[in-house]
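A.B. asks: Following the hints, position chain B against chain A.
There are 2 protein chains.
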Amino acid sequence: MKNENTDRFTQRNNDTAYDNPSFTGSAVTISMAGDKNSSNHFLVLHEDSHKSSFIYTLKQILPWTKNRIRKGCTKKMLYRRLPILNWLPNYNLSWAAGDLIAGITVGLTLIPQGLAYYSIIGLPPEYGLYSSFLGSFIYTAFGSCKDVPFGPSALNALLAAEAIKGRGPEHAILLSFLSGLIQIFMGLFGLGFIIDFVSGPVSSGFTSAVALIIVTSQVKDILGIKTKGGSFLQSWMSIINEIPNTRTWDAVMGISCIVLLLIMKTIGSQKLGTEDEKPSVLKKVFNNLTWVIGTGRNAILVIICGFIGYVYCSRGEPPFLVIGTVPQGLPAFKAPPFGFTSEKNGTLVQVSFFEMVYNLGSGIIIVPMVGILENIAICKAFANGQPVDATQELIAIGLCNVGNSFVQGYPGTGALGRSAVNNASGVKTTFGGIYTGLLVIGALLFFTPYFYYIPNAVLGAVIIAATVFMVELKVVKPMWRSKKSCFIIFIVTLIACLVLHLEVGILVGIGINILLILYHAARPKIKVEQLKTTGGIDYLLLTPDRCLIFPSVDYVRNIVTKYSIRQEVPVVIDCSHIYGADFTAATVIETLIQNFSSRDQVLFFYNLKPSVCTVFEGLSPKGFVVYYNDNDLDELLNKYVKGENVKMKTIEVFKC
Amino acid sequence: MKNENTDRFTQRNNDTAYDNPSFTGSAVTISMAGDKNSSNHFLVLHEDSHKSSFIYTLKQILPWTKNRIRKGCTKKMLYRRLPILNWLPNYNLSWAAGDLIAGITVGLTLIPQGLAYYSIIGLPPEYGLYSSFLGSFIYTAFGSCKDVPFGPSALNALLAAEAIKGRGPEHAILLSFLSGLIQIFMGLFGLGFIIDFVSGPVSSGFTSAVALIIVTSQVKDILGIKTKGGSFLQSWMSIINEIPNTRTWDAVMGISCIVLLLIMKTIGSQKLGTEDEKPSVLKKVFNNLTWVIGTGRNAILVIICGFIGYVYCSRGEPPFLVIGTVPQGLPAFKAPPFGFTSEKNGTLVQVSFFEMVYNLGSGIIIVPMVGILENIAICKAFANGQPVDATQELIAIGLCNVGNSFVQGYPGTGALGRSAVNNASGVKTTFGGIYTGLLVIGALLFFTPYFYYIPNAVLGAVIIAATVFMVELKVVKPMWRSKKSCFIIFIVTLIACLVLHLEVGILVGIGINILLILYHAARPKIKVEQLKTTGGIDYLLLTPDRCLIFPSVDYVRNIVTKYSIRQEVPVVIDCSHIYGADFTAATVIETLIQNFSSRDQVLFFYNLKPSVCTVFEGLSPKGFVVYYNDNDLDELLNKYVKGENVKMKTIEVFKC
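For the record, the sequence lines run as chains A and B. Residue numbers for the first sequence follow the numbering used here, beginning at 1 and rising by one. Residue numbers for the second sequence follow the numbering used here, beginning at 1 and rising by one.
Chain A extracted, bound-state conformation:
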């Protein structure tokens, strides 16, 4: 693979009329000695070609725009933007069966979750259900990942709660609308790449912090106490202070529910027989049973506890807290509230749209961003190596949120727990969402009277048993082994999210990560070797390992200067790894060449990419010598070292 630079240059040769006889020679020499001299067919070269002419660039803009528009209107793009067109024509009975089972199972998870999240977001329980049906329908048509069931997520609910700060449903509904708009905007303008800047460690730290905060927020429901204080530490202080006021029966029910849920989860993962053999009827029944217990555990437990609640309530005041009245029927279909009238101390106060936006603050950015981050992470987890279409997911989730805001829903997204259920239930297409949505509608129309009896503690247990696994302890060890700096970023993000605000925490993590990238760019590694040519001339070879751009170039120059002054032999800079350069680099290289020339020391550049060469040549540096063939070095050195030194300032040989 020694000729890979050669290949690149051969390709560029065709591309930008770059021609160098010595170089072609080198290409021949090496590919004859090499191991892949036949079939050097180039598929594609992901590399900008630096066209030197500006007019050329201008000329290209028009056809590019035309092409872009044409591309945007093709049938292929239609199929990409409406993924339902891909699978609906081939929809068959086997798929329908898979989707039906998965859709209903997801619905049975979604309904208790939707109810439970009321205590995270701080809105009445029915809003969780309002957020769960229209989005499912919309995602069926626009979603590109079959395993994502759209709906409220614990993470999104927590962030929405921080944005609305207990201000009531109007703000949550407007937040859903605006989040959706921002997601659609990001999708249409290809801004999905922004989430690439949230690294694994930052994402893990943030998610773990969210999980810990959610668990903390649910402990009070389990214990039946009232706590004060917003931050993680304050909440725990308050919980510890309030422990004497624990409502015994809430605590008993809550803790036993958590234990039961964890046991049911374990049962769910038990299977008799191996994958390959044909299972006996008994084994099949057992496996189906464990599957039902595992995937339906939330619904089963909520129904049982709801029944217990009903029994106690019918005898009088129950010993534990219950949800209470959940209004029956579907929400009205109407525009989200762009301003509303609220009562404050007996007088009516008009809250304008801009006031609402001001109140929501940074939540308008954080909620959609984190929503899509969560969703894309799920898509990747279930993509099986297929590329994930982030743009399409942004548009789909955005449309779902905008839709939700018309039926008084709060912001939602895909959630990992439900996606796992969906996948395990054998979902085939996004059509499962239709059944989920219908089930939620059915619940709103017919079952709300029964929700009254559901104990708060069981909903708290549902949330705790699900979110406690979001604390990503399993990444700690590999992260530590793999890269210490990533582990530190994980810990810093986690602590910053817990001690400071969640938004601040994730920004701290991203900030540190970006500083690391900048440090990488600013401090390249330079290998310094003292070598001898075949002709026996000593020379110094310096090899920077990455691109030369403004923050690094002075550092590189200092190292080059330091070693070359100390050694006083010809210096060669091996540019094989320099994939890019900027004007600042060009000016510094020019100064470097001048300095070498003024102390009569030889400076050559080896294997400089033509695109980088163009950048350096913009300043027309005198005595700028580049060579591409190892064999040229001796010839060049003989020329310069032995007697022809004086002319060095004017001669330029082997230039690209």
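Among the hints, a few may not be true.
Claimed, not checked - List time: in silico DSS-like cross-link candidates among lysine-lysine, alpha-carbon distance up to 30 angstroms:
(1) A/K484 / A/K525
(2) A/K66 / B/K562
(3) B/K271 / B/K477
(4) B/K622 / A/K271
(5) B/K428 / A/K622
(6) B/K562 / A/K380
(7) A/K562 / B/K622
(8) B/K271 / B/K165
Claimed, not checked - Pulled from the structure, derived: some chain B residues nowhere near chain A, Cβ distances all over 10 angstroms:
(9) L78
(10) K165
(11) E170
(12) I263
(13) E355
(14) M369
(15) A522
(16) D600
For the record, the hints were derived by calculation from the structure and aren't laboratory data. Model, not experiment: these values are computed from the prediction. Beta carbons are placed, not taken as given, at the ideal position from N, Cα and C, and that holds for glycine.
C.D. replies: What follows is chain B alone, placed relative to chain A:
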């Protein structure tokens, strides 16, 4: 130079007990074929070695700290921190002559400049002189660059003016003190690298904008009018509106002074005879005369115009504006004002230290940063290829500013114009600063009564004639030819500085530059080639050109997946250019390996650096195959492609 990877690995081999028989084979093969097999002596390898053991790291911290402290207390460090120790013992008569001439010439430039900057910073003229002597003395002892004469600069005066917003000398003096402290702090903690993040184009755009703003601010003095409005555009609108009120004689004097200064500058660059020949007496006299006219032009013109002013003043009211009374004598030596009492509408108001700091705002950061930026740029311009000690310059300039604040000076730094005069006058050491300082003291003690008669217009002309050359028109063409994106950054910074605030403008420039670095990191270029091994097996070779870190790794994975699914042949990722990776990359690589394995496609990694390999291995990915020798590829492919596919998930060969 084909064996450069080999060399690196051989070195690492010794370093981290990295051993690979196939690899060693490769090293032998190549270095025998290569051209630099003898004298492979490694001087140094600027590369972190990833020690896998944490305890090892801990054990290293103690000696490192000890070493650091010992290093900080050596004689070498003392000589570095007090550069005067280097040259004072060898000081001789020839140096003294050079320094004397240069010091006096610089003094004759500095005095008119110091007076002139009063109209930029908005303080009485004497403060310019107060800022000009103690700093010169301090820099003599601590400065590392002989060509830098410390004193007020137009750029720094403008930024200080924006920070103090016409609030009077107390704020300016405190700003000098705080700027100095920040510079010393940055020096002591090695934060000088921060200025590396100001690229050439941003610096050029900023300086050009400053020059344009300064010229604009002086036009009113030349025309003798009063203008309103802070921004560049507002100022010009105001100037155009006020043109009918131009004071004729101010304008005549100002414009003729500018013309005269430019002519004298041109005369100064004229020389008779060539460098080599011995000049005749006539030529020598001529050359000396042009030199005096060129370097002393400011002083000459100010003295002449001062005399004209004196003549007119002695006859009554002069037809042009003059500076007026400049208090005689040296400033009192006292601590800078940490709070003061001011009169406002007849009542005394106490202004506290914190209020002053609040008033100065971002100026406390911007003034020292830009000051040191200007100073380092000058050092580099005159360094002649020697490395510039940014840390020492930070400490020196910081001490000068702190010192200045004790004699009621405002923040200063080196200035390009004076440095050029200093250099052209043959300065040998920083001792020239002593003469400059003494000259300023002399001026304060004896000449202030004469400064009364200096016309405002001539000082305006001095500033305009100097700053107009700071507009960096000469970089436009090479920048455009070298790299278009740099040119765009230059223009954007320039416009942002003019239209918005100066601070905002430079931050916009730096911000765009950093976004470009991030984009670079996020979107590597990947070469895709379809090749044949010597054994005739088709395979796909993908070569990413830079490191694999979180913002890029999903992008790389998508491209790898896309092409490998399309081609269905074994895939090799050439990692020669991958100099770094993080945990996010490791997780994605693990998923990639899993996906390839699940569709029975072969994936090999070629030439992966051991440090990167360690990062990937942290996750213990199954079926992770790395090879270093071209010849191994056929063997490996034969093993995997022909029949042994099934075992692929468990076998790991040629692993690092």
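A.B. asks: Determine for every hint whether it applies to the structure shown.
C.D. replies: Okay, the hints, checked on the actual structure:
1. A/K484 / A/K525: holds (19 angstroms)
2. A/K66 / B/K562: holds (26 angstroms)
3. B/K271 / B/K477: Given that 30 angstroms is the threshold and the Cα spacing comes to 29 angstroms, the pair holds.
4. B/K622 / A/K271: Holds - the C-alpha atoms of A/K271 and B/K622 are around 25 angstroms apart, at most 30 angstroms.
5. B/K428 / A/K622: holds (29 angstroms)
6. B/K562 / A/K380: Holds, at roughly 15 angstroms.
7. A/K562 / B/K622: violated (45 angstroms)
8. B/K271 / B/K165: Not OK: B/K271 and B/K165 at ~45 angstroms, beyond 30 angstroms, violated.
9. L78: holds (21 angstroms)
10. K165: Consistent with the label, B/K165 stays out of reach of chain A, its closest Cβ about 29 angstroms off (over 10 angstroms).
11. E170: Non-interface label on B/E170 holds, nearest chain A Cβ at 36 angstroms vs cutoff 10 angstroms.
12. I263: holds (31 angstroms)
13. E355: B/E355 is indeed farther than 10 angstroms from all Cβ atoms of chain A, at 28 angstroms.
14. M369: Given a closest Cβ separation of 15 angstroms, the condition holds.
15. A522: violated (6 angstroms)
16. D600: Fine: 12 angstroms to the nearest Cβ keeps B/D600 off the interface.
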